[in-house]
Every structure is written in C-alpha cells, then in structure tokens.
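Converting from the sequence shown to my numbering requires adding 13 to each position, the first position being numbered 1.
The set of hints was computed from the structure by calculation and includes no laboratory data.
You may find that some hints are simply not true.
Stated by the list, open to error - Think about it this way: if two alpha-carbon atoms lie no more than 30 Å apart in a straight line, the pair counts; the simulated BS3-like pairs of lysine-lysine are:
(1) 520 - 50
(2) 533 - 417
(3) 520 - 417
Stated by the list, open to error - DEER-style ranges, computed between Cβ atoms:
(4) 405 - 28: 48 to 56 Å
(5) 549 - 405: 18 to 26 Å
(6) 99 - 17: 27 to 35 Å
(7) 553 - 203: 45 to 53 Å
(8) 287 - 439: 21 to 29 Å
(9) 44 - 222: 49 to 57 Å
(10) 439 - 49: 26 to 34 Å
(11) 98 - 53: 52 to 60 Å
(12) 15 - 439: 42 to 50 Å
(13) 304 - 111: 26 to 34 Å
(14) 61 - 84: 42 to 50 Å
Values in this document were obtained by computation on a predicted structure and should not be read as measured data.
Just so you know, even glycine gets a beta-carbon here, dropped at the ideal spot from N, CA and C.
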Amino acid sequence: MSPVLADVLQVTALIVALALVHRPLGDYMAAVFSSGKHLRVEKWIYRAVGANPDTEMRWPAYLRGVLAFSAISVLFLYLILRIQGDLPGSLGFAAITPDQAFNTAASFVSNTNWQSYSGESSMGHVAQTTGLAVQNFVSAAVGIAVAVALVRGFARSRTGELGNFWADLVRGVVRILIPISVIAAVLLVAAGAVQNFAGIHELTTVTGQTQSISPGAVASQEAIKDLGTNGGGYFNANSAHPFENPNGFSNLLTIFLLLVIPFSLPRTFGKMVGSVRQGYAIVGAMATIWFVGVVLVTWLEFAHPGTASQLAGGAMEGKEQRFGEGASSLFAVSTTMTSTGSVNSFHDSFGGLSGGVLLLGMMLGEIAPGGVGSGLYGMLIMAVIAVFIAGLMVGRTPEYLGKKIGTREIKFAACYILVTPALVLIGTAIAMATGNGESSMTNTGAHGFSEVLYAYTSASNNNGSAFAGFGANTEFHNTALGLCMLLGRFLPMVFVLALAGSLAEQKPVPETAGTLRTEKPLFTGLLVGTIMIITGLTFFPALALGPLAEGLAA
C-alpha cells in the first residue's frame with residue numbers, strides 16, 4: 014500500500030469515527046447540562062466545597078466562580094511542585110524552581126500544558142497524578158462550563174442567569190471526562206501504553222552505558238491529556254514516546270480523543286438552542302478549516318524541496334518514523350487547531366510553509382475545532398462578528414439566534430478577538446527587543462524568529478506545543494509565557510461571560526424575511542471567510558517575517 018493511500022484511509026477512518034459519535038455524544042452532553050438532577054457523588058462534592066448547585070448565577074457571579082477556582086488551583090499546584098522533594102513518590106526528584114513552578118502551574122490550570130521541563134527527569138508520581146493529571150480534568154471542565162454558559166445566553170431570554178458554575182464544573186468532570194477517559198485509558202493499556210507506580214529502572218545499554226527509565230501512570234494521563242485538549246506529556250518526547258503512544262492504533266486513538274469533544278459540542282449547542290441545524294453550520298465551518306489544514310500540511314511535507322527529502326518520500330527528519338509523514342502531519346494539524354499541544358513529531362522540523370500553517374491554526378484562535386469548550390465559544394464569538402459584518406453589508410440590525418447584536422455585544426466580541434493577538438505580538442516583540450528571544454533560538458534568521466513567534470502564539474492561545482529548538486527554560490520566558498497563558502485563558506472568558514449575560518437579558522427578536530439564515534451553507538462560508546480575513550489582517554506581517562520568508566526562500 015502506498016503512503017498516500019494509507020494516509021487517505023487513515024483520515025477517512027478518523028472522519029467516519031468522529032461522524033458516528035457526533036450525534037450521540039453531543040446529545041448526551043446537552044442532556045448533562047440541561048438536567049435538574051444531581052448524582053450522589055456530585056452531591057458529596059457540592060457538600061465538600063460548600064456550593065449550592067441549584068442556585069442560578071448571573072455572569073459576574075459565574076465569572077467569580079471561574080476565577081476563584083482557577084486561582085486556588087494555581088496556588089495548589091504551585092505548592093505541590095515547590096515541595097515535591099519532600100513528598101512520597103517523588104522518585105528522588107528535587108523541588109521545581111520558583112519560576113518554572115509558576116510557569117507549570119499557570120500552564121496546566123489554563124489548559125495550556127506548556128512544558129519547559131522533561132517530565133521523566135523532573136516530576137515524581139505525586140506531582141504527575143495529584144498535581145498535573147487533576148488539572149487536566151478540571152481545566153478542561155472549566156472550558157466546557159464557560160461554553161455552556163454562553164450557549165445558555167443564546168438560549169435564554171429576559172433573564173441574566175447563566176446556570177451554576179459549580180454544577181457545570183462537576184458535571185463536566187464526573188459525567189463526561191472521567192467516563193470517557195477510563196475507557197480510553199483501558200484501550201491505551203491494551204495497545205501497550207505503560208500504567209504503574211514503579212520506581213526508576215536502571216538499565217545497561219548495548220554500549221555499556223547506564224540509562225534511567227521512569228515509568229508511571231502514563232496511560233491514564235495520556236487519555237485525559239488528549240481528551241481534555243491539554244497536551245502535557247508524561248515524557249519529554251510526548252506522544253512520540255512509545256510508552257505514551259505504542260503503535261498505529263494508539264496514534265489514531267489519541268488523534269480521535271483530542272478531536273471528539275470539540276467536534277461534538279456544536280451538536281450540544283444546537284440541541285440547547287433548539288435548532289440542530291445551527292450546530293451543523295458551526296461544525297461545518299470547523300471541519301472545513303481543519304480539513305484544509307490537514308491537506309495543506311500533508312501536501313507541503315510530501316513535496317518538501319531537497320534531494321534527501323525526495324528520496325525519503327517526504328521531509329522525515331524530526332517526524333514520527335513509525336507512522337510516516339501523513340500521520341505526523343495529521344497529528345500536528347489536529348493538535349495546533351485544538352489547543353492541545355500534544356505532539357508526535359517536532360514541529361521545529363516542519364518546513365517553512367507547513368510550519369506557517371501550524372502557526373496559523375493557533376492564530377485563528379484554535380476554533381477548528383478548538384479546545385474543549387474554548388473552541389465552541391471562540392467560534393460563536395466569530396459567528397457574532399460574521400453576523401455583524403453581514404448586517405452592515407445589507408443595512409440591517411444584525412441578529413443571531415433571535416438576539417440583536419448591538420453596540421454592547423459587539424464591543425464584548427471585539428475585546429475577545431483582540432486579547433490573544435495583543436499578547437502574541439507584544440510578547441514576541443518584547444522577547445526579541447530585550448534579546449531574550451534571540452538567546453533562546455537554536456536557529457538563526459526567519460526560522461529562529463518563527464521559534465519565538467510560535468512560543469508566544471502557543472502560550473497566548475493556550476496550546477502548549479513548541480518549536481522544539483526553542484530554549485524556554487529561562488527565568489524570563491518562564492515568567493513571560495506564564496503570564497501570557499493566564500491572560501490568554503481568563504481575559505477572553507471575561508468577555509465571553511459578559512456577552513452571555515447581555516444576550517440572556519434580551520427578549521427574542523421575531524424572525525422576518527430579512528433575517529440572515531445562519532443555519533445555511535452560505536453562512537458557514539461567510540463565517541470561514543470572516544475568520545480568515547480577521548486573522549490574516551492581524552498576523553500576516555508577523556508570518557511574513559517568519560514562516561513565509563523561510564518557505565519562499567527554500
């Protein structure tokens with residue numbers, strides 16, 4: 014079988030699997046967040062934290078819950094990392110330094126999972142499971158909760174109430190993330206992934222050298238790492254490590270896991286607003302951008318210039334040798350478009366233009382399909398912008414799902430789309446101007462600049478992947494990237510929840526002959542065009558200095 018045919022079959026199998034679970038999983042999640050009943054274990058959790066899950070919250074109260082919970086999570090994880098050397102199961106590893114502990118705590122709580130450390134030589138069992146793995150669950154659930162709050166803003170009228178944050182958080186963990194993660198972990202163990210709490214093994218290699226191998230609860234963390242679009246690997250090599258990703262089945266399973274919830278949430282949105290066609294329009298826009306990205310990167314990598322690359326059938330340096338160029342490209346596009354950060358190849362090894370596509374996937378706001386929860390609310394913000402633009406074109410007051418998009422709503426949406434570009438561009442500029450960016454670059458010229466631009470794009474968009482040549486473990490980058498991760502995660506949530514509250518307070522606007530039909534393919538095309546134009550105008554100069562310059566010079 015030719016590599017091209019194998020890659021086509023792999024993508025086809027993935028699309029079929031996602032299509033099969035889209036409806037049942039989407040409907041199940043809609044039922045979870047619409048139910049008035051609480052499971053017994055959920056009641057125990059509410060009692061432990063002192064929360065009343067039946068109390069409705071307006072958007073300021075909902076936001077306070079998000080920020081308070083996340084702040085406590087940062088402090089809790091920071092403390093674990095700082096005292097790791099005194100904890101049982103530390104495997105002899107010392108405490109993490111203050112700047113790196115701050116960066117890691119900010120990273121995992123913000124669902125970024127940027128790693129400036131090597132897990133197998135830095136983190137013990139307690140830090141990995143009690144600290145990092147727990148945040149993989151709850152940070153993903155926070156994203157889902159905020160998305161559900163925005164959906165309620167569209168679905169409700171004449172009330173500013175958006176539900177209860179604590180109920181949404183707990184249900185997301187207990188009813189969605191844990192059950193699927195358990196199934197996924199069992200499948201990964203069956204495929205050969207490691208799952209134990211053994212100590213470090215000292216082995217002698219064939220050359221007589223000693224090598225230390227750190228085992229751990231790898232399969233369970235791998236499952237939620239991808240399902241929750243987190244991305245933080247147990248090992249430095251992440252999903253290129255055979256303990257995390259043993260074979261072709263596990264590789265396809267992990268890609269499926271990082272896409273399954275983001276691609277199913279539009280169905281949840283459609284069910285909750287009372288029109289599944291609206292969900293199809295949103296998922297259609299997501300799928301279009303993702304599929305084009307997969308085709309572009311795969312084609313560019315197979316057609317990479319150079320005699321060695323052509324003889325190898327593609328640019329295989331730094332790629333996943335076990336699975337081939339296509340599987341590496343599919344994984345790379347899926348992870349950069351879902352705010353996951355999990356990798357099975359070095360993105361630093363991708364060509365200038367294909368690396369630019371990976372960068373663009375993050376710069377779009379990771380909405381195709383985006384992170385768990387964050388992808389849906391990001392796409393809905395872009396839908397509000399698209400409706401507003403369409404209203405200007407025809408001279409009508411824009412409406413979306415029976416809600417007027419007025420001055421207040423468009424200000425919240427505009428503030429949302431300005432946050433991450435400001436963090437990316439200002440962060441990159443400061444790093445380069447102070448010399449901290451240049452000193453961390455492995456390469457020079459356009460590719461070296463791309464390493465810095467990629468790092469701040471990844472952190473500000475809560476992705477977590479990196480151009481592997483970038484030296485991030487410095488006091489400056491640990492602090493600067495940590496701040497970018499926190500601001501890039503929680504500032505947009507402020508505007509999302511404010512928009513949700515504003516929409517929920519409105520009364521429904523009756524549909525007329527002039528109302529834009531937002532469930533039609535025409536709107537899907539308008540939405541995709543709006544996303545590309547806004548992103549292109551914002552980031553094109555920076556892309557021209559890095560990946561475009563490198564690609565055109567090749």
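Comparing the hints with the structure gives:
Proposed proximity of residue 520 and residue 50 is supported: the alpha carbons are some 28 Å apart, at most 30 Å. Pair hint residue 533 plus residue 417 holds up; C-alpha atoms about 19 Å apart against a cutoff of 30 Å. Proposed proximity of residue 520 and residue 417 is supported: the alpha carbons are some 9 Å apart, at most 30 Å. A hinted range of 48 to 56 Å is violated for the C-beta pair residue 405 and residue 28, which are about 36 Å apart.
Restraint check, residue 549 to residue 405: a C-beta distance of roughly 19 Å satisfies the suggested window 18 to 26 Å. Between residue 99 and residue 17 the C-beta distance comes to about 54 Å, which lies outside the given range of 27 to 35 Å. A hinted range of 45 to 53 Å holds for the C-beta pair residue 553 and residue 203, which are about 46 Å apart. Look at residue 287 against residue 439: about 41 Å separates their beta carbons, and that is not inside 21 to 29 Å.
Our hint of 49 to 57 Å for residue 44 and residue 222 holds, since their Cβ atoms are close to 56 Å apart. One distance hint, 26 to 34 Å for the beta-carbon pair residue 439 and residue 49, is violated here, with the actual separation near 45 Å. Between residue 98 and residue 53 the beta carbons are some 38 Å apart, a value that contradicts the proposed interval 52 to 60 Å. A hinted range of 42 to 50 Å for the beta carbons of residue 15 and residue 439 is consistent with their spacing of about 46 Å.
As the Cβ distance of residue 304 to residue 111 is approximately 44 Å, the hint placing it in 26 to 34 Å is violated. At about 19 Å, the CB distance of residue 61 to residue 84 disagrees with the hint of 42 to 50 Å.
Hints 4, 6, 8, 10, 11, 13, 14 from the earlier list are contradicted by this structure; the remaining hints agree with it.
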